[in-house]
Amino acid sequence: MYAYDEIDRTLVNERVSEFRDQVKRRLSGELTEDEFKILRLQNGVYLQLHAYMFRVAIPYGTLATNQLRALAHVARKYDRGYGHFTTRQNIQFNWIKLAELPDAVEDLAKVGIHAMQTSGNNMRNVTSDQWAGVAPGEIEDPRIWSELIRQHTTLHPEFSFLPRKFKIAITASDHDRAAIKIHDIGLRLIKNEKGETGFEVLVGGGLGRTPFIAKTIKHFVHGRDILSYIEAILRVYNQYGRRDNIYKARIKILVHELGIEKFSREVEDEWQHIRNSSLQIDDEVIEDIRSRFTYPAYEKLPHMPDELRQAAADPDFEAWRKNSVAPHKVQGYSIVTISLKPTGGPPGDATAEQMDALADLADRYSFGEIRVGHEQNLALPHVAKRDLPALWKALDKLGLATPNVNLITDIIACPGLDYCSLANARSIPIAQELTRRFANHELANLIGRLHINISGCINACGHHHVGHIGILGVEKNGEEVYQITIGGRADENAALGTLIGPGVKFDEVADVVEDIVEAYLALRERPEELFMDTVKRLGVEPFKERVYATR
Amino acid sequence: MPLVNGGKIVDDGFVKLAVDTPLPERGDILVPAERFLGDAEGLLERSGKVGVIWPNNRDIAELVPYLGRIAAVALVFPTFRDGRAYSQARLLRERYNYRGELRATGQVLRDQFVFMLRAGFDAFEVKKQADAEAFMQTAKRYSVFYQPTGDGRITALHRRMQLRHSEGVGT
Chain X
420 MYAYDEIDRT
430 LVNERVSEFR
440 DQVKRRLSGE
450 LTEDEFKILR
460 LQNGVYLQLH
470 AYMFRVAIPY
480 GTLATNQLRA
490 LAHVARKYDR
500 GYGHFTTRQN
510 IQFNWIKLAE
520 LPDAVEDLAK
530 VGIHAMQTSG
540 NNMRNVTSDQ
550 WAGVAPGEIE
560 DPRIWSELIR
570 QHTTLHPEFS
580 FLPRKFKIAI
590 TASDHDRAAI
600 KIHDIGLRLI
610 KNEKGETGFE
620 VLVGGGLGRT
630 PFIAKTIKHF
640 VHGRDILSYI
650 EAILRVYNQY
660 GRRDNIYKAR
670 IKILVHELGI
680 EKFSREVEDE
690 WQHIRNSSLQ
700 IDDEVIEDIR
710 SRFTYPAYEK
720 LPHMPDELRQ
730 AAADPDFEAW
740 RKNSVAPHKV
750 QGYSIVTISL
760 KPTGGPPGDA
770 TAEQMDALAD
780 LADRYSFGEI
790 RVGHEQNLAL
800 PHVAKRDLPA
810 LWKALDKLGL
820 ATPNVNLITD
830 IIACPGLDYC
840 SLANARSIPI
850 AQELTRRFAN
860 HELANLIGRL
870 HINISGCINA
880 CGHHHVGHIG
890 ILGVEKNGEE
900 VYQITIGGRA
910 DENAALGTLI
920 GPGVKFDEVA
930 DVVEDIVEAY
940 LALRERPEEL
950 FMDTVKRLGV
960 EPFKERVYAT
970 R
Chain G
-12 MPLVNGGKIV
-2 DDGFVKLAVD
8 TPLPERGDIL
18 VPAERFLGDA
28 EGLLERSGKV
38 GVIWPNNRDI
48 AELVPYLGRI
58 AAVALVFPTF
68 RDGRAYSQAR
78 LLRERYNYRG
88 ELRATGQVLR
98 DQFVFMLRAG
108 FDAFEVKKQA
118 DAEAFMQTAK
128 RYSVFYQPTG
138 DGRITALHRR
148 MQLRHSEGVG
158 T
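Order-wise, the sequence lines are chains X and G.
Read in the working numbering, the first sequence has 578 at position 159, and its numbers run on one by one without any break.
Read in the working numbering, the second sequence has 126 at position 139, and its numbers run on one by one without any break.
The hints are simulated quantities; they were obtained by calculation from the structure and are not laboratory data.
Treat the hints with care, since some could be wrong.
Unchecked claim - Think about it this way: if two alpha-carbon atoms lie no more than 25 Å apart in a straight line, the pair counts; the simulated BS3-like pairs of lysine-lysine are:
id	chain 1	residue 1	chain 2	residue 2
1	G	Lys127	X	Lys443
2	G	Lys127	X	Lys529
3	X	Lys895	X	Lys667
4	X	Lys456	G	Lys114
5	X	Lys584	X	Lys634
6	X	Lys610	X	Lys516
To be verified - If you only want the chain G side, here are some residues facing chain X, beta carbon under 7 Å, derived:
id	residue
7	Arg77
8	Arg80
9	Phe102
10	Gln134
11	Thr136
Where is the CB? At the ideal position from N, CA and C, for every residue including glycine.
Use the sequences and the hints to build the structure in full.
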């Protein structure tokens, strides 16, 4: 956990008072809606179909229990009793009143949470691996660097009015859980041959209507130079990124139009001017940030405690353990993923009661820490294995023990037409229907790892391009039509999915997914061959045939 | 449109010329980039200060040969959402060591003052009278800054180092 110091607290409080003044000026008419729009966006406030939506940052996905309780409090006091966790380690509240927003922001500031730059054309919340600091084999805790970059990108005087939004993600594991290749800048923490920490820097990833997988711009940037290198990328982008067309304004288009070689030369030129400046970070600065991260005092525990051995007799517990519990770097501990994808529920939603109860469980079983992942699930990062049976019972009572992590019902979906003014089609009802179709966990387990991603419009907030099965809702002649892709993925082997054929109607989507799954089960060489691998081996054709043969 | 300079609302000493406005015999003038580059020597020889209005899509490096002799550079925010001039301002101040007046023009609103000050602007053609009057108050809104820029304000990272070292002395 990073603990704010007086400096961080002061800045957030100053931001709260500025925002309070801005809302006051808007309500008095001193600010026009056009002027206020940008200011509210920079504080995470959107105007949606029915009300204002308020998006709060959970930097690199780490939450303390008092922070989770504060989010529950906001849900209860200012909203309708629930919040929605997003694919970028944010939480959204959908029914907030403008006049009450400054109070909500102030309540969150008290526990070190802010909503700065969670929307708008600026540098967004810095995201990372939700297993940071606990994943076995990790090179180094990426949150130290994430926090450094969070600070550097907060209220940046040069880059707060970029051509378009700008997202940075960091991973420090071989297996990329932060989806860095679909970010404007992706950072992969590595060590050079001297054992020094640095980053492989990727640039120009992003989804939306013109999806691109990020390209490597530099194979190694030393840790001490990372801020100047990021600054160089941003300076090139700020000056040369397109501002004439909102759909061509992301850095991915600039990288594409210039080509990665020319773009990287521009960045290199700029970087040479600024790398030996006050942007250089010395070890002491890194140590200072590191010193404000606290780590649990782990006990020396056995690999296989009696409690776990006894609980193994319960098939429901075992089903959950096998699905939701992952190895921890410290013996005797586990990382527990908490599925926010119950059968029939909207993906990523949690009620205020669930958040409060989860905070209590985290205090009891996870050293007071909770994580938020881009798959719209939560995690308890430090659970002693002996506590797993008791934790499972408690989670089950809260409806938070659905054993479907990474399975077909662990669906990523945007809010879609139920909330969003940009959407062309509904997303949540499609996800809900699919969770009912595949509610049988034995069937889901038989299918194995399979990610479904749903977006309700081309902006791709549900990351449909990188879903193993991607579903994109569009509008055609006043009707919702869904285009289905297969073969996408968001991890270290990131790839964009391929369209299987003409769009299908709302009522047909779940049937089509069933057809695809049946085709896969019939086509796979052996049970261990995952859906992704079968698609890679055979291409889309056999799936297409199966889906369209009877349509 | 009120001009804020040195933190106060002041009279604008410069007359803005368009591309084809006849050149006044005396007095300080602000001229568009194109006109300035077309006759830089002629304009600079004239008595009276010369400033240049520089568009946000033209490379600011073109102005470098003249920076020692011009009195003002006016950068443009066609809308406040367009942030290109922030980069130009920092380049002028931090890379080319420009020390003359650096003026923000266009849609200049209260809520950008702090960013503009940090990027090196010291003069502001403010869109609204109320915003101009609130300048000093708004400029003081923030006391903590995470990024180093040419304005020389101490960053959070360095303030922490200072605190660390002063604590170190006491223990």
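Hints versus structure:
1. G:Lys127 / X:Lys443: holds (19 Å)
2. G:Lys127 / X:Lys529: holds (22 Å)
3. X:Lys895 / X:Lys667: holds (23 Å)
4. X:Lys456 / G:Lys114: OK: X:Lys456 and G:Lys114 at ~17 Å, within 25 Å.
5. X:Lys584 / X:Lys634: holds (18 Å)
6. X:Lys610 / X:Lys516: Not satisfied, since the Cα-Cα distance of roughly 48 Å exceeds 25 Å.
7. Arg77: Since the shortest Cβ distance to chain X is 6 Å, the answer is holds.
8. Arg80: Since chain X brings no Cβ nearer than about 11 Å to G:Arg80, farther than 7 Å, the hint is violated.
9. Phe102: Result: holds, 4 Å to nearest chain X Cβ.
10. Gln134: Result: holds, 6 Å to nearest chain X Cβ.
11. Thr136: Hint on G:Thr136: holds, closest Cβ of chain X at ~6 Å, below 7 Å.
Of the hints listed earlier, those the structure fails to meet are numbers 6 and 8, in rising order.
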